[in-house]
Amino acid sequence: MRLLPREADKLALHNAGFLAQKRLARGLRLNYTEAVALIAAQILELIRDGDKTVTDLMDLGKQLLGRWVCLLRDKFFQLFHTFYILCRCKRFFLNYKPLVTLMKISKYCLILQIGSHYHFIETNPYLVFDRKRAYGMRLNILAGTAVRFEPGDAKSVILVSIGGHKVIKGGNGIADGPIDSSSLNVVMQKVNANSFGHEDYPDAREGIIGDGSFDCTVDHEKYASIYGPTTGDKIRLGDTNLYAEIEKDFAFYGDECIFGGGKVLRDGMGQASGYPESFCLDTVITNAVVIDYTGIYKADIGIKGGLIVAIGKAGNPDVMDGVHNNMIVGVNTEVIASEGMIVTAGGIDCHVHFICPQLAEEAIASGITTLVGGGTGPAHGTCATTCTPAPSQLKLMLQSTDQLPINMGFTGKGNTSKPEGLAEIIKAGAMGLKLHEDWGTTPSAIDNCLSVAEDFDIQVNIHTDTLNESGCVEHTIAAFKGRAIHTYHSEGAGGGHAPDIIKVCGVKNVLPSSTNPTRPFTSNTVDEHLDMLVITRTWQTANKMKVQRGSLPGSGDANAAPDSDNLRIRRYIAKYTINPAIVNGFSDFVGSVEVGKLADLVLWKPSFFGAKPELVVKGGAIAWANMGDPNASIPTPEPVVMRPMFGAFGKAGSSNSIAFVSKAAKEAGVATEYRLEKRVEAVGRVRGLTKLDMKLNDALPKIEVDPETYTVTADGEVLTCQPAPTLPLSRNYFLF
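Under UniProt numbering, the first residue of the sequence shown carries the number 1, and numbering increases by one thereafter.
Hints should not be assumed to be uniformly reliable.
With a straight-line cut-off of 25 Å between C-alpha atoms, the simulated SDA-like cross-links for lysine to any residue are [to be verified]:
(1) 666 / 424
(2) 597 / 495
(3) 508 / 495
(4) 663 / 424
These aren't lab readings, by the way, just hints derived from the structure by calculation.
Please construct the entire structure, taking both the sequences and the accompanying hints into account.
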């Protein structure tokens, strides 16, 4: 057959389209993926016929499916295209500058466009206007837009003074340097010497923003369509009923960083000129809506050396107001435009059975950037427990995952009632120990494991005794002796003391976590073992809790509206970002969108939030992203597939990721001994943790379980949970 890679891609597209066609024939409505696959597959076949023009094919593509064959029907297009609820503010001013001038362009002979931030005095020499009055000015229009000049007619424009340090650079080099009235004569000499069109315009009017005729305003809907939502706007998260409200926008209206032809981030405009590489960002993520445990806000994110170095307003301080000192966009800066996008910290899965290396691909493609667990492959011990028992096996796991673009941490087996053997696995690189009932989680093993962990400042993860063989939950808690411990399956469905392991959620020194198959509780819980996506399950659970218990009384932020879901959203994102980082002792490095952290960031379209990321940044490099046909000239032709990018190949995966080990292992030099190329960092500060250290998840209710009726109470209140008949982030998104 001699198939090329692009032909194999198209075969996958054809299969998806044929699957969608069969489902449609069975009377099923199509979800987004199915609808796109069906349309694209049919168009491919029509292209093969060779008897239609591109225009014909585009028209046919629009007619292939109607809303009635799609899930959600009329809501379908609302879900995937309109996801903002705008605040009541209808219009607002842009460009809060003190001086504006009404200018008249009297002569021009060519069609041309001038962008918002182009220094007006530097414009095309064929434009004839009063360049003296245009000194230090730019167009008073929306950032990133332009004014079109056509030959023949005179046109009036409104100019506004540039901001920042007021330094002109670039353009035609006519007015290069700081704006200074004493330099104006020299500037005008250059204008005349270079035959730039100029004529005095004595009738030009001057004024200030706010006096009416000079104002540049924009309605809220148009602003959101260009730059994304702003303060007070709400965003629906996927097809859940959760709405995130933007509490603050760091943008200076009128000076937003917009990339593209004729837009803002160009030399001498939004991109600074004359700054050395050390002063400029490596990458800037512009106009991002950040959802983090720290808050929900809109900002630019600055990345340098693989780290988040600043969050706020980026750009060119020579011409823009409010640019952060560490957020200069220069000639050495790459741009990731995220207008209308959501950015979260990379997720952390701290209960991983390393049964195969392919799980790393599934993880990063879903937005997980850190994996913690144990195993050696599809051995029976690994399939059941998360332990890497032998030092040689731990060396193997660190070496085999060294080039994967994902942070790794491995746990050794802790099931022994004597200390011998534990120090060896810790010094070999184990960042924690795992107690699992399949290896015998007895009180003596628990006590010994915790004692060794105290000596090495590492965490202990425990899967308790379902059989109650050595004792009940109270005996296990007593064996903890008030020491910090991370309990797996704290809800009980995945294993542990029956029927009341859930009691540990009210014990101060216990750091509890739950398990994917049981979240959320539905009418088909057993079937939910089919799909173990941590992030998707988290937001499905958050949605179910809102449906069952209603909106929370407060947003958690004084700037957010009382009816927003911000507190619940921040609480739930903390569950798979900052809190597992704290529990495992590496929150100094990852787990949140904060300055100083590794730039492990996930970009989402709001309509696909929690289900399918748009792009995954790993240590400042794009490691995984939605990408269309690689043979095409643009990234969008189908099939659009989540694919590894340059940040995932060669040595890039190791250079942008971390291997977490114990302090003893790092000091012993495992990085050199194992010839690891990943950055090796030690975990720590975990032995004194309590549940009160968990961000937004620090409740300590007294939980009781009736051994006969299984009634669960928290502080005396009976807890009930009805199974959810349907879930968001499911049928609307996935083929299977």
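Inset, instruction - Sort out which numbered hints this structure fails and list those numbers smallest first. - result: Checked against the structure, the only hint that fails is number 2, while the rest are satisfied.
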